[in-house]
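> Dock chain B against chain A, hints included.
So the protein sequences, as listed, match chains A and B. If you're matching positions, the first sequence starts at 0 in numbering that gives the first Met the number 0 and goes up one per residue. If you're matching positions, the second sequence starts at 0 in numbering that gives the first Met the number 0 and goes up one per residue.
If you only want the chain A side, here are some residues facing chain B, beta carbon under 10 Å, derived:
(1) G225
(2) A229
(3) S342
(4) L355
(5) R363
(6) S370
(7) D376
(8) L377
(9) E378
Over 12 Å on every C-beta distance to chain B, these chain A residues come out as not near it, computed from the model:
(10) L118
(11) R151
(12) N159
(13) E236
(14) K293
(15) A295
(16) L305
(17) D435
Far from chain B by the CB rule (all over 12 Å, computed), these chain A residues:
(18) M0
(19) C105
(20) G287
(21) S334
No lab work stands behind these hints: they were computed from the structure. Small disclaimer: the values here were computed from a predicted structure and weren't measured. Note that beta-carbon positions come from the ideal geometry of N, C-alpha and C, so glycine has one too.
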Amino acid sequence: MSRYAGDAEAIRKLVREAEVHRDVFVDEELFQLEMEHLFANTWVYVGHDSQVANEGDFYTTTIGSQPVVMVRHTDGEVKVLLNRCPHKGVKIAGETCGNTGKVFRCPYHAWRFRTDGSLHSLPWTQGYDNTGFKDSPAALGMTRVKNVHNYRGFVFARLNDEGPGFEEFFGDSLSSFDNMVDRSPVGKLQVAGGVLRYMHNCNWKMLVDNQTDTCHPMVAHESSAGTAKAMWQKAPEGTPKPMAVEIFVPFMSPYEDFDKMGIRVWENGHGHTGVHHSIHSDYSAIPGYFDQMKAAYGEERAKAILGEARHNTVYFPNIMIKGPIQLLRLFKPISANRTLVESWTFRLVDAPDLLLERTLMYNRLINAPTSVVGHDDLEMYERAQEGLHANGNEWVNMHRLYDPAELTQKNVVTVGTNEWVMRNTYRAWAHFMTLDM
Amino acid sequence: MNRNDPKIDGAFPSDRELVDFVLREARMLDQQRFEDWLTLFANDGYYWMPLEWGQTDPRLVCSLMYEDKLLLSVRVERLKGERTFSQKPRSRSHHVLQMPHVESRDEAANSYVTWTAMHYVETRNDEQTLYAAWATHHLAVEDGKLRIKLKRVDLVNCDAAFGNIQLFM
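In isolation and in its complexed conformation, chain A is listed as follows (with noise of 0.2 Å):
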């Protein structure tokens, strides 16, 4: 039986003022809804241009539960296709990615598209006169996403033709990969290192809300970074602090430290933690950048980029960034119960190798399916995911520092441990939801 779909109203009724209903994290229903509809509306991230830098290279990946192939066309800019032959459907690039030269080659019954996806040939092509082929939707070749945002190297794709502009959609909250791409001495990124991939049994959504919850680390990897942090004490005065030190000991920052670390809200669902100081705030410097940073902008320029340093951004519906590290993490959707948890990373073209070597030790003490701050978190979303279908009580809460005043605010800084940007996720989700219902 059908409770949600083209109810908008019955949607909206998910998200109150300060409570989700849990149908939002369990109810296939609602994640079919999601596919159709959230992630169709809103600006998705496909990949980074730095993926497919020569003309002809592909990149495959899904938007939602999309299949898209995201490929440099022979004019140099990044066009995004479904990837499906219009023919059979056969997935057209299978690998993850490579180069197609100048045409895909469907590899079922060798018919060929350009890299925008429009018709290049068929073979034996005289079985088609005069069949209406060339009225079929199969004669457009593959479906091309038609709004497609390249920021700074990210790129973003929106599946609807209607919608919100890609400026009105992100807003001031672009300034965070402004940070995160000025951060390279000449203004460049490169995926690099290898992406971690780790499978969670769990809604999505419980990873996008946990980027900006800051009071779960003192609690959830206490076991970690904790006993990472009791062992680091008792190391002998004058040992140098390893960079795994560094990386896990600020997990543990008491409360009153993430309340005064600030909290940046900003519209359709976006924001960020660390506003005035972060857990990456205090590592280490590495020899040799700041001088390429000084000469590349200017002392004054060069301290402000190297100043922000901005914990968890999370962009509405499905990234989060760490601009000081160079991280991107995405939440691919698969069901209402399983997310796969992408974590990428990018070289600063032109700087030191530390740094990301520094990412990677990041990535993987943090981000990897072998990571032990990443087991407990799993551990918490998986115990939720479970929890959640325990009747009585139906809500998520989100009351910490709720203000009804928030409801007609925009672009504020408030305590690092409000809650806002959480409350703002759904209620962005309920918007985008049924914008188009």
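Okay, now just chain B, sitting in the frame of chain A:
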């Protein structure tokens, strides 16, 4: 005192002693004798689980694990913790090793390498997951005992998406 960690008989380890060491190491893991297991590592030893097929660089290419003795000790200490939530209940492991093969021995350099195909099962609650891998042990003799300089675990599906892998392969 670490049980089953004998001194080698002669000045140099025999092939049999190298093989026995690898078998004992796996058994220690399955018996959850993690502190004993840590003592098998040289102080500058590493445990490496590559992310890429045929990976050669642990520094500028990401790995699933690339951990020195400090990080391994944090893991072992964590497993004992009262608030180690992902280990309530605890995981268990099971190794099946093919006979280890002595790949190379260089007495002058005090360097011995073994290669072992294995199946590894990790289980927790009602879930049981099978992994297939090759373990490469780089061993050296220190104070008459074999020690791990590097244990490299190459998963046959190293680039697949995994759920939690919580113990040691």
